[in-house]
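Peer 1: Sequence:
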Amino acid sequence: MTLPLRPVSTVGALADALRSRVLSGEIRPGTALPEQEIAAAYRVARPTVREALAVLVSEGVLRRERNRSAYVPEVTLSDLEDLMYVRRPLEDLMARALTGRTVPGAQAALDRMAALPAGAPWSEIVGEHMALHQALIEAVGSPRLERLYGALAVETRLGLVRLRAVYKDRDVLVREHRELLEAIANGPEEVARATVAAHLSHSWGGEERPPGPA
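1483 is the number of the first residue of the sequence shown in our numbering; add one for each residue after it.
FYI, nobody ran anything at the bench for these hints, they're computed from the structure.
Small disclaimer: the values here were computed from a predicted structure and weren't measured.
Be aware that a few hints might be false.
Across the chosen pairs, the derived CB separations fall in these ranges [to be verified]:
hint	residue 1	residue 2	range
1	PRO1516	ARG1583	47 to 57 Å
2	SER1624	ALA1590	15 to 25 Å
3	PRO1529	ARG1550	14 to 24 Å
4	ALA1667	PRO1516	41 to 51 Å
5	TYR1567	GLU1547	18 to 28 Å
6	ASP1574	PRO1529	23 to 33 Å
7	ARG1583	LEU1634	18 to 28 Å
8	ALA1667	PRO1529	47 to 57 Å
9	PRO1571	TYR1524	36 to 46 Å
10	ALA1680	ASN1549	23 to 33 Å
11	ARG1550	ALA1667	39 to 49 Å
12	ALA1523	VAL1673	44 to 54 Å
13	MET1612	VAL1673	19 to 29 Å
14	ALA1527	ALA1680	46 to 56 Å
In this text, a Cβ means the ideal position worked out from N, Cα and C, and glycines have one as well.
Please take these sequences and the hints and turn them into a complete structure.
Peer 2: Here you go:
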């Protein structure tokens, strides 16, 4: 049975375009996105721009303060270190719970990542990366773990922009995640937990500092 394609609204298309540019690093952190300039660049009405920006603000991809244009938030190395400091125990809980199990949703995200064409936008790789980790967290079956992890998702997504410089060869990223899923599926628990911990201890493309809160 063939299902009809769902049309994409102008608001959705604009939000997609801006999201892709932010997550690819094309629009740099700290950059303001005035409604008038976006409307002129994409030849759409300002109300359309306002709605698209609101979507991205609600996702955390952009930030907006009173009497200011929406802008791309800065996620510093210290922010990322603190982010990993909080993520590690959450993903350790995931590894404990899932050792010996395969997670189809995570494997599907990895397969999609591996199948992306060589010139695929970094934002698409980021999307599959996030989908893989989200599938692992959801597989645990703890709504509270999902909520805690979800609260970190925006900063994680923005932080992954930095990894574009670290993972210039996309195959390396795919291989690391394949090893991660295999360690969780095959165990033992100590190996799964160690693999997850190592996965979260990668360089973010800046000066290395001791782990721990900033």
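Peer 1: Next, verify each hint and record whether it holds.
Peer 2: Hint-by-hint comparison with the structure:
Distance hint check for PRO1516 and ARG1583: the Cβ-Cβ separation is about 48 Å, which falls inside the suggested range of 47 to 57 Å. Range check, SER1624 to ALA1590: Cβ separation about 21 Å, and the 15 to 25 Å hint holds. Distance hint check: the CB atoms of PRO1529 and ARG1550 are about 19 Å apart, consistent with the given range 14 to 24 Å. Hint check: ALA1667 to PRO1516, Cβ distance near 48 Å, so the stated range 41 to 51 Å holds.
The hint said 18 to 28 Å for the Cβ distance between TYR1567 and GLU1547, and at roughly 27 Å that hint holds. A C-beta distance of roughly 46 Å is found between ASP1574 and PRO1529, which places it outside the suggested range of 23 to 33 Å. At roughly 23 Å, the beta carbons of ARG1583 and LEU1634 sit within the given window of 18 to 28 Å. As the Cβ distance of ALA1667 to PRO1529 is approximately 49 Å, the hint placing it in 47 to 57 Å holds.
Separation of PRO1571 from TYR1524 is about 42 Å and conforms to the stated range, judged on CB atoms against 36 to 46 Å. The hinted window of 23 to 33 Å between ALA1680 and ASN1549 is violated, with their beta carbons roughly 45 Å apart. The given range of 39 to 49 Å is respected by ARG1550 and ALA1667, whose C-beta atoms sit roughly 47 Å from each other. For the pair ALA1523 and VAL1673, the beta carbons lie near 50 Å from each other, so the given range of 44 to 54 Å is met.
Range check, MET1612 to VAL1673: about 24 Å between beta-carbon atoms, so the 19 to 29 Å window is met. One distance hint, 46 to 56 Å for the beta-carbon pair ALA1527 and ALA1680, holds here, with the actual separation near 49 Å.
Hint compliance for this structure: hints 6, 10 are not met, and every other hint is.
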